[in-house]
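Take a look at the letters that make up each chain.
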Amino acid sequence: MTDQQKSYSDPISYAAPRTLDEAAALLSAGNVTVLAGGTDLMPQTQSGKVKFKPLLMNVRRVAGLGGIAEAAGTIRIGALATITELLQSELVRDRLGILWQACEHFASDQIRNAATIGGNVCNASPAGDTLVPLLALNARVLLVSKPNGALVERRLPLAGFFVAPGRSQLAASELLAAVEVPLPPRGFAGEFFKFGTRPGLDISAISMALGGVRENRTLRDVRVAFGAVAPTPIRGPKTEAALEGRTLDAAAIETAVAAALADIRPISDVRATDWYRRELVGNLLRRMLSHVCER
Amino acid sequence: MSANVEIDFTLNGVGRRVSVTPGMSALTLLRDVLDLTGTKYGCGEGECGACTIRVDGVTVNSCLMFAVDCDGREVVTIEGLASDPRAQRLQQKFVEHGAVQCGFCTPGLVMQANHLLDVHPHPGAAEVQRGIEGNLCRCTGYKKIVEAIQDSGSESVRSELTL
Ligand SMILES: Cc1cc2nc3c(=O)[nH]c(=O)nc-3n(C[C@H](O)[C@H](O)[C@H](O)COP(=O)(O)OP(=O)(O)OC[C@H]3O[C@@H](n4cnc5c(N)ncnc54)[C@H](O)[C@@H]3O)c2cc1C
Ligand code: FES
Ligand code: FES
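Those protein sequence lines, which keep their order, are chains W and U. Residues in the first sequence are numbered from 1 upward in steps of one, following my numbering. Residues in the second sequence are numbered from 296 upward in steps of one, following my numbering.
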């Protein structure tokens, strides 16, 4: 076996680059495991589920990978922004309410202080909690690499970024630099809901985000996304179509529930059976829609 | 055969230089390399909070943190809170309320409660419960712990103890 193919239970060497350029250059040389908050990487490597590449590259010292700011109608969330920083951001709370709510339901204080949004996206879990609201908010990812001595940026919509549990379109030579969220229309509001046995710390059995602009008893610009009901987090296009512009009476709500059940592809695992997940999705959607009507 | 990495950081107010392997956790560094055994190994996977430490002003699970990431940072462990007035008050309140049984969870809970009081100086019961969500206690049933933390944060207690 050549050195190129080896993986390790402990990395051979360590680097903590300070600039994006340096980080991208190291990454383009290959054989690198990226470290951000470590809250996924540590348990995954300790359990042997993931093996280290020879070089462990800590990106936490890279300048310009943090921060949350708005410019030209887009909110840019740096990959290193922690869940706690998202919760402390007025911009996120006021304009990206469903993302803020997902952060509120995320793990424990200690984990929120370490976990980054970039790590949550790159880990690509079907149950990743920020992924569901980010999908509903039409987020994009900004990926950076340095293939031929110059920095190259690539922007991809989050919808389509995830390909399988733990797998995304992120190339081994790419670093996630930021998540970009177009400002939702004024009046856009919604709810995030996650169901698990130990509220924060449990991996979600299912999660859902629903948002839209409310006018009397109708919703416009409806966005729906689901977590842990398919191999990746997904949007719910059928549910969205069933709700868009409809008066939210009992019949419309039942039509939306039927559409949601057609959008999802749940499996049975240790956390829940597929039957239970369907029940949860139906009941939660009913509950969220009646909340929306009552507001 | 990983090469050791030299890191420099502040530990409980004192500058330290140590050599660690890249895959080592901060918890292993503290307990096995530096012999600071107040920080406990409970689950090793972020579920129990027994390993809670403070890094640059916020609490984290040291079992999930890579030791190399301590480089350049300010780390405080339960040993470092020994002479901190508020932590002493917390300790006193834990004793008064009977919030300690086997004591295994206590260092982590005091670290986390101390951080909670930084953010919410006078927390309500619900805030305390939420603040210590990431700390498991197998003995007390939490009620006395919540009361002890709330009591430490209440105004009356403060005047009583600052005589
Ligand atoms: C007890 C516990 C509870 C948890 N609860 C939740 C929860 O409620 N909801 C939830 O969604 N998750 C939860 N998690 C999972 C985890 O905390 C999150 O996924 C977190 O956001 C990961 O971020 P991190 O910075 O710690 O990532 P790391 O562990 O550092 O990295 C995760 C992965 O992403 C890669 N990576 C990280 N940053 C980048 C980057 N900028 N560019 C390229 N690759 C990168 C790493 O190589 C690694 O493969 C929990 C974990 C634990 C241990
Ligand atoms: S030992 Fe770190 S959380 Fe349990
Ligand atoms: S006192 Fe025993 S675990 Fe809390």
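There may be inaccurate statements among the hints.
Computed list of chain W residues with no C-beta within reach of chain U, every gap over 12 angstroms [to be verified]:
hint, residue
1, 101
2, 155
3, 182
4, 278
5, 282
Reference listing, derived: stretches of chain W covered by chain U, where coverage requires no fewer than 3 residues with Cβ under 8 angstroms from a Cβ of chain U [said to hold, decoys possible]:
hint, segment
6, 13 to 23
7, 106 to 113
These are computed hints drawn from the structure, not numbers from a lab. Cβ atoms here follow ideal geometry from the backbone N, Cα and C, with glycine treated the same way.
Consistency of the hints with the structure:
1. Interface exclusion of residue 101 (chain W) from chain U stands, the closest Cβ pair being 14 angstroms apart, more than 12 angstroms.
2. Interface exclusion of residue 155 (chain W) from chain U stands, the closest Cβ pair being 29 angstroms apart, more than 12 angstroms.
3. Every C-beta of chain U lies more than 12 angstroms from that of residue 182 (chain W), the closest at about 30 angstroms, which supports listing it as non-interface.
4. With a closest Cβ-Cβ approach of about 29 angstroms to chain U, residue 278 (chain W) is found to remain outside the 12 angstroms limit, as its non-interface label requires.
5. Under the 12 angstroms C-beta cut-off, the non-interface status given to residue 282 (chain W) relative to chain U holds; the minimum distance is some 28 angstroms.
6. By the rule of at least three residues with a Cβ nearer than 8 angstroms to a Cβ of chain U, the coverage given for the segment 13 to 23 of chain W holds, with 3 such residues.
7. For the segment 106 to 113 of chain W, the stated coverage by chain U is satisfied: 6 residues place a CB nearer than 8 angstroms to a CB of that chain, which reaches the threshold of 3.
Against the hints set out earlier in the document, no violation occurs for any number.
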